[in-house]
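We have chain D; now place chains Y, S and Z onto it with these hints.
Chains as they are written, first to last, in the numbering used here: chain D, 1 to 289; chain Y, 290 to 578; chain S, 579 to 955; chain Z, 956 to 1332.
Just so you know, the hints here were simulated from the structure itself, not pulled from any lab data. Be aware that one or more of the hints could be misleading.
Unchecked claim - Here are the simulated distance ranges between beta carbons:
1. Y/P435 / S/G724: 43 to 51 Å
2. D/R277 / Z/E1082: 34 to 42 Å
3. D/D280 / Z/R1085: 31 to 39 Å
4. D/G50 / S/Y715: 30 to 38 Å
5. D/Q46 / S/D776: 22 to 30 Å
6. S/T906 / Z/D1153: 50 to 58 Å
7. Z/S1065 / S/G724: 20 to 28 Å
Unchecked claim - Some, not all, of what chain Y presents toward chain Z, calculated at C-beta under 8 Å:
8. Y320
9. G331
10. T346
11. A348
12. S370
13. K397
14. F511
Every residue, glycine too, gets a C-beta built ideally from N, C-alpha and C.
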Amino acid sequence: MSVFVDLETRLLVQGITGRDGSFHTRQMIAYGTKVVAGVTPGKGGQPFDGVVPVFDTVADAVRETRANATVIYVPAALAASAMYEAADAGMGLIVCITEGIPVLDMTKVLPYVHERGARLIGPNCPGLISPTQSKVGIIPGNICKPGRVGVVSRSGTLTYEIVHQLSSNGFGQSTCIGIGGDPLIGTNFIHCLSAFQADPATDAVVVIGEIGGTDEQQAAEFVQQGMTKPVIGFIAGQTAPPGRRMGHAGAIISGSAGTAAEKMAAFAQAGISVMKRPADVVPLLRERL
Amino acid sequence: MSVFVDLETRLLVQGITGRDGSFHTRQMIAYGTKVVAGVTPGKGGQPFDGVVPVFDTVADAVRETRANATVIYVPAALAASAMYEAADAGMGLIVCITEGIPVLDMTKVLPYVHERGARLIGPNCPGLISPTQSKVGIIPGNICKPGRVGVVSRSGTLTYEIVHQLSSNGFGQSTCIGIGGDPLIGTNFIHCLSAFQADPATDAVVVIGEIGGTDEQQAAEFVQQGMTKPVIGFIAGQTAPPGRRMGHAGAIISGSAGTAAEKMAAFAQAGISVMKRPADVVPLLRERL
Amino acid sequence: MNLHEYQARDILKRHGIPVPDGDVAQTPAEAQTIAQRLGGKVVVKAQVHAGGRGKAGGVKLAAQPDEAAAHASRILGMTIKGLTVQKVLVAPATDIASESYVGIIVDRGSQRPVLMVSDAGGIDIEEVARATPERIYRLAIDPRYGLLPHQGLGLALRLYRDLAQARSAAAIMANLYAAFYAVGASLAEINPLVVTPDGRVLALDAKIVIDDNELGRHPEIAALRDTSAEAPSEVQAREAGLTFVKLDGSVGCCVNGAGLAMATMDLVKYYGGAPANFLDIGGSSNPQKVVDALRIITADPHVKAILFNIFGGITRGDDVANGIVQATRQFPLAVPLVIRLTGTNEAEAVKILTQAGFSALTDMDEAVRQAVARAAT
Amino acid sequence: MNLHEYQARDILKRHGIPVPDGDVAQTPAEAQTIAQRLGGKVVVKAQVHAGGRGKAGGVKLAAQPDEAAAHASRILGMTIKGLTVQKVLVAPATDIASESYVGIIVDRGSQRPVLMVSDAGGIDIEEVARATPERIYRLAIDPRYGLLPHQGLGLALRLYRDLAQARSAAAIMANLYAAFYAVGASLAEINPLVVTPDGRVLALDAKIVIDDNELGRHPEIAALRDTSAEAPSEVQAREAGLTFVKLDGSVGCCVNGAGLAMATMDLVKYYGGAPANFLDIGGSSNPQKVVDALRIITADPHVKAILFNIFGGITRGDDVANGIVQATRQFPLAVPLVIRLTGTNEAEAVKILTQAGFSALTDMDEAVRQAVARAAT
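This is chain D alone, in the form it adopts within the complex:
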């Protein structure tokens, strides 16, 4: 068992012939993900690497291959359109890796996707992986091991760091999810925590947050009220100066609500074990399990 992706995931790749799309498609196939189709307008009919059928439109791809999830690697200027198209074609899961999408695009994409009942992960995220079952996105498969810890993170490489710590110390993962660092994203901490709480294959959850916004505080409230499984948390950005922008559009501190100190306090108050540094994840997990 796992969360959001598993052996039943039949993946479509939007932007399969692009630089990033082709590279990561090969990585996903090598990992064992069932990549059933690709989409690049104008390249329909020319199989990718001779094996994955490519279509002009998502609707065509879904009709022909019964794909039930899609991952988007198209350039930022086309990404909103790709998400609309995926939702229109009835995709249940849409994972958008693309970074640099204007926030105002997302103000319209999000209700559209929501109205059609799709789950969007991202944008500007590394995707997700259920080790040995399905890898959707760019999380390096070799750092993950199958196991019973769920991981959810707003960050990319910081996630790899912590997952690496877990795997190296015998804690495999049920699913690792990078929800993305943009201000407007489709799936937040609470959606993931609630899925992990319901997943019988997950025993504990690691939450990796950062400065900016109040998602972590809301996650803390959810953990306190709705979770029985142990949760370990980390917040990046303790040394970030207030009010300065730190790469992620999400990392603008507004008032005091977005500081690392406040988020760590909210975590602690909700019974989440708070790491001081990434390497703390292993001892804290041992303590709680």
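For chains Y, S and Z alone, coordinates are given in the frame of chain D:
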């Protein structure tokens, strides 16, 4: 009992100080409708006729008076905004009398109203009346009598004609509803038929249609599949030349689908007794009851 | 309100849709000047609110400017489906590799604007819809989001295998949708949308119908109205705030409300007569409207009797009665008048009419029977 | 990207929002000319990306053109919050009857643009939010429908009892919302929105921040960037495709990914050091980016050690290694370099680094500890 409006209806009038609004507000109050508030921006605080409190916004009016239905008499250029405002304020029933509203305005108003769970009747309609309980709109109260026949119509004055026939011959009405003749309206025949079918105070229904569109055909299908109560029908426009516009924007004949002949055939096939002329309503009702 | 082809082309052009060059002419000399400026072969097209212009001889190719003038002189003044041609469009004759259809209307069923495309362009699209419906692709557009890029491209790929052409067509669809809302259209179509031999996608002919209810907020569009291209009685009716359609019978009808007006006409036929017109005086009547209505009805020499059928709601019976009295004072009626009047202010109305020497009925069937009888004698 | 007040005013004006006349000057002579043209009293305002200009002496009233020139000469070249004033706005001094605040930002919680208004305008709105939150009214706008007329009027009626003023303010809100989407803003505010003694509603000062992700499709907005108003190292970093923020410590950090970069800085502090910067080389790294990053970091004289922390995902370790090697060939490093590198193409990377005489660690804590120690010596 009745449909959509009854003794519990607490009515707000949008555009209460206008020419039509003030005239019909007095008529509705004289009929016994509970008119609890009016709205005219800039005239908040100046009671209408000294008795009905007037507010600047619908939200203010609802907060102060617990109005649960609204009727709109504002000019066409402001009518869409009035409907948005009513839906935003949580109105359960919105009756829009105003005619001349651009169809493209309605393409946006309709989903907005729908998302907020409100029932919109009209626009460009005479409103509705549950005799002796509540009159909302402009249907002359004196032609109606309380009773057990439901009336639903796309027309205004033609409805009066037929209701007049009913009342003069001992058939009172549970509710008479003018749904409006515009191409895009909030409440269609099926919504009304289904309400009348569910209403224990209604024994039979009179449906008054006209050329243009396929609402009558869909109503016929609904009657055939979902109604046990007798239905009597009329279609105006048998002598309308094909393709000519007949005053109602709704009355453009498209292909053969909108002709009176086709609609009458659909009615007959669905077991609806079809009037040849308005005066037939009484003998046909006698036959079916 | 119907726009002429040349007006619709201008709107498309303003919204970034490629249309061939060209201009409108009201005289053969103007046509010649335009043809000269354009150079090469041109097409001279009658500008009338009627389909089938080609079959009627209203569209002609000209190799030389003087030939364009000659065609213009034949086409100007020509009558097509009862309408006199007052203007011609002179445009370059475009070489065509393929023809498609693109149109937008508001669909009552989905309550949304529907984009329709077909690879069977250049011909009567209603005939295509009847004969080969599978060649028409439809998409209901969610106006909350507009036409999304993938939707336009998806439809365009049904028309063109070439990606560049499909992208051009998709951009044209997006611009047509924007124009549709911007001008307040109830129909906007490009037929044909052509591909030239060198691969450009162009709107060769365009038709736009404006929702009359939009004209108030689009004065620049309202100014495009060409009353010379409409029947004078209908122009007169519109200016008086009446809805009027001329028909062939002998019973002139003056009714309040479109539904009741149609039912009245139907009843005229039911009793063996034939209505001379549809006329709806509308809701908020005033006496002047009734005067104007009577003036329009009586201008038709086929009218042998006039039937008023008024069921007062918003319309006040006394207003109508006053209008009848005023009208008959201003111009004597040559034909009998049958008045049915009930509802709001009925008593006052009857009093006014009686004092002026008219009688009023209250029963619709009786009134129609009398009017039909009077028209027959 | 921050816009200057005069640029934001231009955008508002283009979107139909009334702003006072005025123009921007780069010299006292230009300021004098503008003041002359405007006539009467003027205000001379420093154009810098910083709040609190008034308190810093960057906003001055002038009764005469030569006084405007004198103020301009004092303000131009002045330093406000570390930024040098290069331009002043010269505008008529407006008489003010009341001041309000109107702003739009995108709210993460509702995932919608939020319109905020307050009758406490003219001052620091964040202070108002803290001290008297009940004086701020918020409305989350559904972008599928836009700001609806009744919503704007409803908020405007919170600011003004006079209906005409409220309608003017509502129109300004609608136009501000349109501008917000049209230019791709992440913040657009008018503070103060004033009413003049004769009842006109005007935007007296405006602030617009553009979402950097929008600049690609708004070249006319991107062209407004004033690099002279930004820190040179940040300009350099942006042009190299890096995200860089200068800090006060001694450990230069070069990391892939914003989250890991922040966690690295935190760990530097955890082990007793102080980060000299935030630097994210981003995902699709190439060797040149690493060269540029090292150039920027080494330009800071406070940097005593440089720490690379790379966890390869999209970023390929060999690209980073090649970049380090190329950089050190182009310019010798005066400070020690500690490299932590793991993930994609780790083996190739270690080989490249080893051949060039560098060693690479795989443990983050160990690397940070070493870097802090080296910086301390």
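Worksheet item: Checking against the hints above, which ones are violated?
Response: 8, 14
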